[in-house]
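Go by the hints and put chains B, C and D onto chain A.
Chains as they are written, first to last, in our numbering: chain A, 6 to 332; chain B, 6 to 332; chain C, 6 to 332; chain D, 6 to 332.
Treat the hints as calculated values from the structure; they're not laboratory data.
On a predicted model such as this, the values are computed, not experimentally measured, just so you know.
Any given hint might turn out to be false.
Given that identical chains are not distinguished, each listed pair holds provided it fits within a single copy or across any two copies.
Capping the alpha-carbon separation at 27 Å, the derived lysine-lysine pairs in BS3-like fashion look like this [stated by the list, open to error]:
id: 1; residue 1: LYS198; residue 2: LYS229
id: 2; residue 1: LYS106; residue 2: LYS31
id: 3; residue 1: LYS198; residue 2: LYS265
id: 4; residue 1: LYS315; residue 2: LYS103
id: 5; residue 1: LYS103; residue 2: LYS63
id: 6; residue 1: LYS114; residue 2: LYS265
id: 7; residue 1: LYS315; residue 2: LYS34
id: 8; residue 1: LYS229; residue 2: LYS103
id: 9; residue 1: LYS229; residue 2: LYS194
id: 10; residue 1: LYS194; residue 2: LYS163
id: 11; residue 1: LYS10; residue 2: LYS332
id: 12; residue 1: LYS69; residue 2: LYS331
id: 13; residue 1: LYS31; residue 2: LYS103
id: 14; residue 1: LYS224; residue 2: LYS146
id: 15; residue 1: LYS264; residue 2: LYS332
4 protein chains.
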Amino acid sequence: MANEKFATTLGIFGNQSDRWCNAGYKQDKTVDELFEAAKEVGLLDGIELFGTWHINEKNIDKIKSLTEKYNFGVSTLIVDLFVNPVFGNGSIASMDEKVRKMAVEEIKKYMDIAVRLNCDLLDIWPGQDGYDYPFQVDYTKAWELMFDSIGQCADHNKDVRLAMEYKIREPRNRIYIATIGKALAFLEKLDRKNVGITVDVGHGFFAYENVAETIALCKFYGDKLFHMHFNDNYGFADDDLIVGATHLQDYLEVIYWLKKTGYSGWYSLDQFPYRDDGIGACRESIKMLKVLIDAVDSMDPEEIERVISKGSAADSIDLIRRMIFKK
Amino acid sequence: MANEKFATTLGIFGNQSDRWCNAGYKQDKTVDELFEAAKEVGLLDGIELFGTWHINEKNIDKIKSLTEKYNFGVSTLIVDLFVNPVFGNGSIASMDEKVRKMAVEEIKKYMDIAVRLNCDLLDIWPGQDGYDYPFQVDYTKAWELMFDSIGQCADHNKDVRLAMEYKIREPRNRIYIATIGKALAFLEKLDRKNVGITVDVGHGFFAYENVAETIALCKFYGDKLFHMHFNDNYGFADDDLIVGATHLQDYLEVIYWLKKTGYSGWYSLDQFPYRDDGIGACRESIKMLKVLIDAVDSMDPEEIERVISKGSAADSIDLIRRMIFKK
Amino acid sequence: MANEKFATTLGIFGNQSDRWCNAGYKQDKTVDELFEAAKEVGLLDGIELFGTWHINEKNIDKIKSLTEKYNFGVSTLIVDLFVNPVFGNGSIASMDEKVRKMAVEEIKKYMDIAVRLNCDLLDIWPGQDGYDYPFQVDYTKAWELMFDSIGQCADHNKDVRLAMEYKIREPRNRIYIATIGKALAFLEKLDRKNVGITVDVGHGFFAYENVAETIALCKFYGDKLFHMHFNDNYGFADDDLIVGATHLQDYLEVIYWLKKTGYSGWYSLDQFPYRDDGIGACRESIKMLKVLIDAVDSMDPEEIERVISKGSAADSIDLIRRMIFKK
Amino acid sequence: MANEKFATTLGIFGNQSDRWCNAGYKQDKTVDELFEAAKEVGLLDGIELFGTWHINEKNIDKIKSLTEKYNFGVSTLIVDLFVNPVFGNGSIASMDEKVRKMAVEEIKKYMDIAVRLNCDLLDIWPGQDGYDYPFQVDYTKAWELMFDSIGQCADHNKDVRLAMEYKIREPRNRIYIATIGKALAFLEKLDRKNVGITVDVGHGFFAYENVAETIALCKFYGDKLFHMHFNDNYGFADDDLIVGATHLQDYLEVIYWLKKTGYSGWYSLDQFPYRDDGIGACRESIKMLKVLIDAVDSMDPEEIERVISKGSAADSIDLIRRMIFKK
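Chain A on its own, in the form it takes in the complex (with noise of 0.2 Å):
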């Protein structure tokens, strides 16, 4: 059953730094001193790239053969949206016209790298989408301009899966395309096939989701789960601390639903450790991953369908604790 392929992305190994302090806790990374330390993990088997700070137009062929070299997958490329500050007030939404399309063209021009890096995946993180004050919005024309864009984006290459990621807020104080629910309204409307949706695990914890029964819900919805990002936090905000910090009965539900729903895609990371060496934080969410999907695979199913069908607390936990503690 062990064929899940590990990802993260790039970043995680480099400098992060918050809005205090600016500069970064840590010291800056070439391209090539990223990869590397991607290597040195040993259970890495792809990366995801960040438009913009790890890939643009100019060093395609650059990281192409970088992949070659350490035999990396690419599991999807974040087209940048929200690091350059022309975007600081709305990208796919904007209600500058010059800027939505800017935005768009960005889109496309990333759909058009993917393929040129074997990678059929692009994750839409519209996060400068949404707003911080009361009045300060037309919510009806910004969902339309939402629709209409990325509609474009989806005609522009039907072979190019376009996965949403959703947040309900962060950089913006509330963010439109704000939880699975509204997500899987957008998909619903837009009706493209090529159009789909990234679950960020702690995305769904910080609004108060569960994510097995998102995951479920996905599937539900004709097979939306295009990506997944996996990280952890304390339930109000988006921590992106190493997996396994705070959350472990609901990332055994997580793993447990992506086997049941058949989800084939990549389990990539994206996190920040800010004050804390990136080696290891990958490796160690790696390998508290592994564990909780040998826990998960250790259980015979049929046993765990047995348990969900009753719908008895004491019985619910009772599993939990013998996935996990094996008595």
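Relative to the frame of chain A, chains B, C and D by itself:
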């Protein structure tokens, strides 16, 4: 412009209990006394009845004559899917077929009762339809059952509208139809004209929704806003406080978008004044709503739209201050 | 090392209601039946009694003989300052002098009852002492009154210890003694040796506390940890779930710090299994606590301290994984 | 009554970055430009300077002449314990003795600088002093170190007051001095007259505090309120928005209790208008504070006290409505 019709759930005037103070903080009241209290408020156009607690098969005529005596419209009936312990583990999504059928029959029965009370709107709040633990539920099956149950009810009488009331938790730790996003995704797939949404403003607040955006989305997805519940909370639970306890700016924007989207339904209260006088709690909420409506009405809508179109934080706050403080 | 004494509030075996399902999800039980159920669990060393619900002036002898019959210690008595509606607007901080005196007398009475039951510990949970709205309370006066009330009680019998149980909200929207910080600040100023703290792990979780740090602080401020309540929740409310529903890593660290600080009191459950079998809910919590205790005991304490002294995220997660999964 | 002195952190006028948009959403400004911007607001009596960013050993004279040129008081200096990555794993509680000494020296240095700027108040915000993972810290040791560090600083010059600014999280996932309760417990044990508290209203909001009660407690524990920071947020994070974005009723009560307890310090802003014009963001906050102050001043204090003494929800809301809407 002042054509708003105000209503309240009748329970506001009665006795409220919680898990500690089981017998309630006050004295129980008869239905006659509840109606008298509603009249005493002096500001109500209608009332809203909970199934079991206030309305049932046996007292329909009595209720009808009381509404006539006091000249109250019936804003909506709330089917009891949560007081009767038979629904403790679920109603419309119960894994127990017998229980699920009871829930469907209960809804159909109240659709018929509504007709007899000249009311065409039922509030469906499946608050017990959810779960408390990981590995306790087959989510796919649960969602399938909800579609089936509500589909059946919708087809029972297409002239009665069903308003699904979403809530993220309580009494279950997790409720299926949790957020505006999930409610819209549910409706998109259900595809029944007579099924829409009740937006309980407080449910939105503690799910970290901007309720003004929620209202805009209900319109955008096809005039799906059937009913409004008003109350207030501190953002963490369904406190069901008097309107104006904590939110004002959000309420202003909610009222603005209700008008902008042409909402013509009831402005109905759903509060739990455990320790407080129900008449006062009701009256203060309506008085607060009225000054908020006045504040919105006092501004030139074109000016409001002009500010919104700017997307400027400072201008938005300036607008809010002028609306509220007139300086 | 396995000297932990396990107890539970007796209410876990009874009927639980909430504000919707007023009559409760299950059947009421007599005190005899509750004791029988406690025995059936097979893992309990003691029980904890709520005033009014389980213990009162009239049934002391009966309760005493039941504890002897079943060989249960009495871990603590919880004075009723929250079920009786007379305390609905406050007990020890009530602005009504008569009510406040009743609360003080109630506490003193239960101090005397405790002595008769060979119990030297009272749990004081002033859950109604708080407020719901702005401009509803003179905070200075309320705090003064609490110092006065608890001071009087403490002086009534210095051999009975009073454990203040803090909670951030529910049933009041805001409770005065809300957090571990406020509890410690209260004790510092009160300056009575026989007044300490009950740490309800769940109350800590949903106040965004790290309960391990809370336990360390209780020690640091002078051996103030008198009692522990165990249960679990999703971080937003006092869900009172079975231990292990959502938190594991935090529980591991809590147990480690209980041992490190030499806590010798009860490991007592405080849960509300509304829809679930109380015996099963109790048994599963203790079984989970036992495997967690084993996990901690299985590690060399020096190794744990070595990891802690490093302050490294990766090493901490590595430790947690090895403690739990043994690999 | 209108004797409030308004100030702001100078950073409001500069460029703000976050973890995504590292280079900032706007353009960097020189200190001269920041002062000019402050003057342009037209409503400021003073400014507040961040160490490193705005004030350091080398530009004291320049800053002094700028404050004289523009006739600004210096409300406080905020020592840099969070921008310099050397403090990334802690400052006053760092387990690295060298780093901890640097932090203490930094504070002492800024105490000396403050004197030279005719300022007697230092804001101490130990935002890096906390942790991110379970089993990452020895809490007892960390708290001991904080007492030692702050004790040393307090004794360095008893005429300079140190205001401890508490915050529940960010940048660390958990910060030691997290809440008003912990801040008060810290001060009780520290026992230094020249150490008090900065209440950042937003930090209170997102720790689920009622800030009015917080202010009352600062008074009750011995005039411990040294400084106030104003801003606003949505209750989940330190959004640092313009005052009035979300809270109004709470702000009214805060202002009332500042007056009632005789607070005579600064009304100082601490905001991050990432995408917005700093001058507008500052001006709107002060204008909002002024109308709120007017609203409080417009009521007879005896009437306010009369309402508070009733403890009635309806009367409290009625008071709030009349204060704000004059009807």
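Going through the hints against the structure:
Taking the closest pair of Cα atoms, LYS198 and LYS229 come within 27 Å of each other both inside a single copy (9 Å) and across two copies (26 Å). Taking the closest pair of Cα atoms, LYS106 and LYS31 come within 27 Å of each other only across two copies (21 Å); inside a single copy the shortest separation is 35 Å, beyond that limit. Within a single copy, LYS198 and LYS265 get their C-alpha atoms as close as 22 Å, which meets the 27 Å cut-off; across copies the closest is 34 Å, which misses it. For the identical chains of this complex, LYS315 and LYS103 are inter-copy neighbours only, at 16 Å across copies versus 56 Å inside a copy, given an alpha-carbon limit of 27 Å.
Taking the closest pair of Cα atoms, LYS103 and LYS63 come within 27 Å of each other only inside a single copy of the chain (23 Å); across copies the shortest separation is 44 Å, beyond that limit. For the identical chains of this complex, LYS114 and LYS265 are neighbours neither inside a copy (35 Å) nor across copies (38 Å), given an alpha-carbon limit of 27 Å. For a Cα distance limit of 27 Å, the shortest separation of LYS315 from LYS34 across copies, 25 Å, qualifies, whereas the shortest one inside one copy, 52 Å, does not. Within a single copy, LYS229 and LYS103 get their C-alpha atoms no closer than 31 Å, and across copies no closer than 33 Å, so neither meets the 27 Å cut-off.
For a Cα distance limit of 27 Å, the shortest separation of LYS229 from LYS194 qualifies both inside one copy, at 13 Å, and across copies, at 14 Å. Proximity of LYS194 and LYS163 under a CA criterion of 27 Å is satisfied in both settings, with 18 Å inside one chain copy and 24 Å between copies. Within a single copy, LYS10 and LYS332 get their C-alpha atoms only as close as 30 Å, which misses the 27 Å cut-off; across copies the closest is 21 Å, which meets it. For the identical chains of this complex, LYS69 and LYS331 are neighbours neither inside a copy (44 Å) nor across copies (39 Å), given an alpha-carbon limit of 27 Å.
Taking the closest pair of Cα atoms, LYS31 and LYS103 come within 27 Å of each other only across two copies (19 Å); inside a single copy the shortest separation is 36 Å, beyond that limit. Taking CA atoms no more than 27 Å apart as the test, LYS224 paired with LYS146 passes between copies only; the shortest distance there is 12 Å, against 30 Å inside one copy. Within a single copy, LYS264 and LYS332 get their C-alpha atoms as close as 24 Å, and across copies as close as 23 Å, so both meet the 27 Å cut-off.
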